[in-house]
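A.B. asks: Put together the whole structure using the sequences plus the hints.
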Amino acid sequence: MPRVIDRPEVFLVAKPAMVWDEVRRFLDKVGERTETDAIEWADRVQGNIPDGEALVEFGGRECYRSWTEGANANVTQVRKDSTQYLGNILASGHGSVTEHANFSFVFDDVSRVFTHEMVRHRAGAAYSQESMRFVRLTDIPFWFPEWARNDEELMARSVALLEAMEAHQVWMADHFGLDDDGVPFAEKKHKTSFMRRFAPDGVATGMLCTMNIRTIRHVIYMRTALGAEEEIRLVMDDVARLALAEFPNLMQDYDPNEDREWVPQFLKV
Numbered sequence: 061m062p063r064v065i066d067r068p069e070v071f072l073v074a075k076p077a078m079v080w081d082e083v084r085r086f087l088d089k090v091g092e093r094t095e096t097d098a099i100e101w102a103d104r105v106q107g108n109i110p111d112g113e114a115l116v117e118f119g120g121r122e123c124y125r126s127w128t129e130g131a132n133a134n135v136t137q138v139r140k141d142s143t144q145y146l147g148n149i150l151a152s153g154h155g156s157v158t159e160h161a162n163f164s165f166v167f168d169d170v171s172r173v174f175t176h177e178m179v180r181h182r183a184g185a186a187y188s189q190e191s192m193r194f195v196r197l198t199d200i201p202f203w204f205p206e207w208a209r210n211d212e213e214l215m216a217r218s219v220a221l222l223e224a225m226e227a228h229q230v231w232m233a234d235h236f237g238l239d240d241d242g243v244p245f246a247e248k249k250h251k252t253s254f255m256r257r258f259a260p261d262g263v264a265t266g267m268l269c270t271m272n273i274r275t276i277r278h279v280i281y282m283r284t285a286l287g288a289e290e291e292i293r294l295v296m297d298d299v300a301r302l303a304l305a306e307f308p309n310l311m312q313d314y315d316p317n318e319d320r321e322w323v324p325q326f327l328k329v
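Residue 61 is where the sequence shown starts when you use our numbering, and the numbers rise one by one after that.
A hint or two may mislead.
[Said to hold, decoys possible] As a list, the in silico DSS-like pairs of lysine-lysine whose alpha-carbon atoms are at most 27 Å apart:
1. K328 / K75
2. K140 / K89
3. K249 / K328
4. K328 / K140
These aren't lab readings, by the way, just hints derived from the structure by calculation.
C.D. replies: The following block contains the structure:
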């Protein structure tokens, strides 16, 4: 019986961590050069905003040497509230500094329909996907949207088709003797690569995806739009909610509507 997936799942597995001792060592040097209390920035920010946001703010202040008043002779007033500072980053379109903070997600039980669409987002993203050349299929796990589950005839025909494809995978493995003693891994890989051709694009798989904040914001906007494919809309809605929890000040311009579209006020970040 095919494993019918309730819904794809997103796991946040890595995020930025500031090395605050080194930040303070650097700011102490800045303070000596400029005769200011530059280290005050770290004292104010550490623990009050997530490290991913702190890294973005750090990058922005490095650009203008705006750690505190007096560090840059051209700057007479410094925004000290991080929410306001990061909001100004968004409003001014200073998006390059958001590229410093990377977050890594595992997308589990997503289809190869999803992964084929996701990997089109190349700028600011890295991917490691489960290989069906090396990982042999023993079943055909599959996600059905709610509207499909409510169609009894569609489900009956679809599950029967999946059962036949599963049976063919098992038959091929036995026919090729892949579990016999002494079969070289190269032979297993060769035959597994052939066998995957009999799996549908909808077969569930997994991938690790690392994106910087600039890319995350862009992909959320593009892939939660009503015109996007329904599975990627579901997954990216989850990513959007994780992003809102992890770096709320850099998602402050997003306003998700009743259709779960996440539309930012500032597109050119």
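A.B. asks: Which numbered hints does this structure break?
C.D. replies: Structure breaks hint 3 only.
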